[in-house]
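Chain A is already provided as a structure; the job is to place chain B on it using the hints.
Each protein sequence line maps, in turn, to chains A and B. Per this note's numbering, the first sequence starts with residue 1, numbered consecutively. Per this note's numbering, the second sequence starts with residue 484, numbered consecutively.
Think of the hints as simulated: they come from the structure by calculation, not from any bench. For clarity, every value in this text was computed on a predicted model and none was experimentally measured. Virtual Cβ for every residue (Gly too), placed ideally from N, Cα, C. All clues given are correct.
Each pair of labels, with its calculated beta carbon distance range:
1. B:P812 / A:N430: 55 to 61 Å
2. A:G24 / B:F745: 28 to 34 Å
3. B:A534 / A:Q2: 56 to 62 Å
4. A:I310 / B:A739: 52 to 58 Å
5. A:Y22 / B:T781: 21 to 27 Å
6. A:V116 / B:A534: 26 to 32 Å
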Amino acid sequence: MQTNIRRLAYLLLSCFILLSFYLGYINVLQGPALAADPHNRRLAAYEAKIVRGVIYDREGVPLAENKRENNTLRRIYPQGADAAQVVGFVSPRYGRTGLESAYDRYLLGMTDEDKVKALLDRLLGRQQAGDNVVVTLDARLQHLAMQLLAGRKGAVAALDPRTGDILALASSPSFDPNNIDQVTGEKNGKPVTVYDQLQSNSAAPLLDRAAQGAYPPGSVFKLVTGSGALAANPAVAQKVIDCRGGLTVNGFYLKDNAVHGVVNFRQALTVSCNTYFATLGLDLGKEKFYQTAVDFGLTKNPWDSGPGSIPEIAYRPGSLTPAAQMSRPQLASSAIGQGHVLVNPLQMALIAAAIANRGVIMRPHLLAEVRAPGGAVMLRDKPQPWLTATTPEAAREMTADMVAVVNSGTGRAAAIPGVTVAGKTGTAENPAGAPHAWFTGFAPAGSPRVAVAVVLENAGYGGEAAAPVAREIMRAALTVPGI
Amino acid sequence: MREWMKSLIGARGNDSAIAAGQPRRCELLLLAVVGLYMLAGATVLYLMHPASGLMAPAGAVLGTVAFITVSLIWQVAGFRGDPFLLPLVAVFSATSLVFLYRINPFYAWRQFVWLLAGLVVLLLITFLLHNYRVLADYKYIYALAGAVALLLPIFFGVEQGGARSWLNLGGFQVQPSEFVKILLVLFLASFLSENRLVLSEGTRSVLGIGLPGPQEWGPLLGMWGISLLLLIFQKDLGTALIYFGTFLAMVYISTARVAYVFFGLALFLAGAAGSFQLFGHVRQRVEVWLNPWRYVETSGYQVVQSLFALAAGGMTGAGLGAGHPGYIPAVHTDFIFAAITEETGLLGGMAVIVLYMFFVYRGFRIALSARNDFAALLAAGLTALMGLQAFIIIGGVTKLLPLTGVTLPFVSYGGSSLVANFIILGLLLVISHEAGEYHAN
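Pulled out of the complex, with its shape left as it was, chain A reads as follows:
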């Protein structure tokens, strides 16, 4: 009987051990998901007690702060519509979006370091406050971008190619995040809010076009094709082609914008010759062409760093027909940014940044610092390389060619007196109507401090519509402290 008692004891004790492992699973592994569950009232109870942290731009201008009204704190957005999609909003009705959501644990003081502080505050009966977040955005630049986009659909993305600091991420049309909950009318007996109207607005003001848009890139994509060809064979820089105004690929005729005659690499980029770059793409081959696009991060999400990581912004990676399914005519049209290539403006700015930074793309980011309410820096972002897109030699050659585009080619409207600008225009055919106007580039070409991409939907020629916008953005960015 002793043996039986022992066996039973082992069984029962193993049940308890199983139970404690399971408790650990619930607590540790399921913990974050349970804490964020909408049915969990703890977060709301916690938020009611705490003063939410402020979001500042890189120069200390508040993008989201708290204002005391009738003895209650209200979240306000002093920059209004300028950065509405990227900063997001906090609404009792619609939850949190944008950076307000991504930085929740800092703004609510929920990191591990904050726990000690929270305990101290509680013991001393002090008002609990979340941490403040400094982002890399520049409110002035953001405002300028929105002014330049005013009344048009489009987006601007600007970043520092040396660090990956995102300086501006503007999307037009936008909305005022301050009155999102306001009830404006009634429909079928239910109240209709500003947010409801924005959601049904066909111009999609809630969409962050800068990071979630999906546009055919047109000729700006020649930067990728050109870099790939140069990296594979540096002699391509001397390659000469006779452009007769078009190219037949397996019976499919690819029309060029003009008869460019005999052109070399630089001349072809300067006049944006489709025949030349389609031929480069065909010579490179579909595998190498596709690989180059992947190297430039086309299909990747820079914020996708494993499970559990919270992305700062919603990002829609670009797309391209996989090499295995790509026909020769598709390869030729993809090489000039038509066909099945789709990109977002931030991705396009990262392509320019890759060439500006000798082939290396720094991981793009918005977080600069997390500061305790007292001002002590708790976390500071360190620049990290993300991808190696191309060789330094190819990047150097492309830079010289892009300078030629702005000095004497299609991008002359982007020239800034006293600063050497490198750039590329794009005029992307699309089924929706007039072509999308693109410009992407960086400045100063010798030691780049800002890379930019501009898209204006159905606005016509990139050199006429988008290049002036990019010029003003770059000119202003170069005066931002720390750039």
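Coordinates of chain B only, in the frame set by chain A:
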């Protein structure tokens, strides 16, 4: 006086032998540590609401004194029972009182009174039942008393939390099933110790396998069937599960025949499948267990809130008073474990589990050292009962098992449960006292 107490408790050793053993000194030291633990909790409660006065610290001091008094009385009387069980129960009681006070001071005061009653019952048992082996003689009385006690609530009972298992006795309510579980173990222990050999070897052979006759297994099966049926009518699934588990455990201990266990499990599965088909409340429990999120606003609300609480504390907990136990319905009874884990964290929850493991370990040690089959079966049965109950309710609130409403022994709010558990503690202690006497001489 001392001689009189010694004679009462049945201490046979001389004074020097008692001095040499000294289990009570160890017990006293442990109780002092538990007292500090309870006082620390009470101090936090006082600092949270200084306006409510020094009631909480006063209660902690009084509670500690009560436990220490019990230990001192045993010391004088030369009681040789296990020195770890009372301190363990004191930790459970301290945790219980602190968290009940934190949830609602009213519950804490009522529980405090029940705790004192429980300690008195404990003293009475250790003094009056030292000749516990006479208990083996009344097995059919237990069976009858148990059946009657379970029948009463069906006709005269009041329903609480979906279970019709309480009797209203004027000022307070009693849950007979809490006491019947002790009668069940007493019955099984006496019956099995008497018929052990017959049951394990069998009186006839069917296909080469020895089987006992109906006169041997009949009463067993009858007792088990009656209790299960009654529990189904009372809708008290948790208690039914505990009865059944204890039954299987004791049959296995006495016969070592795994076939009985498998047969029992098969019966159980059949019964479970049957009640799933027949009873809406059983089906609902299982469906909520499989996917509580689908019923998050209705029947799944409680367990989902419990999961939130279990996760909310992180590793070290929100801190006493900083959690939200009020979000969980019935947090003071079935769900007190979730409140403890929220405020003391994963470490606190694990600590509670480890303390139950320690209790179970000591209980089985007592069973192993018992001097006869009845004592060993009784100790093992009571220990299995206690362990199963803790496992089933902690498993329920963590969603490892379907939720069944039983109390967390010594911790949940509830007078019947607390007093019944003190009776179990007393029985374990008298068994270990006898074994201690034997080894000392």
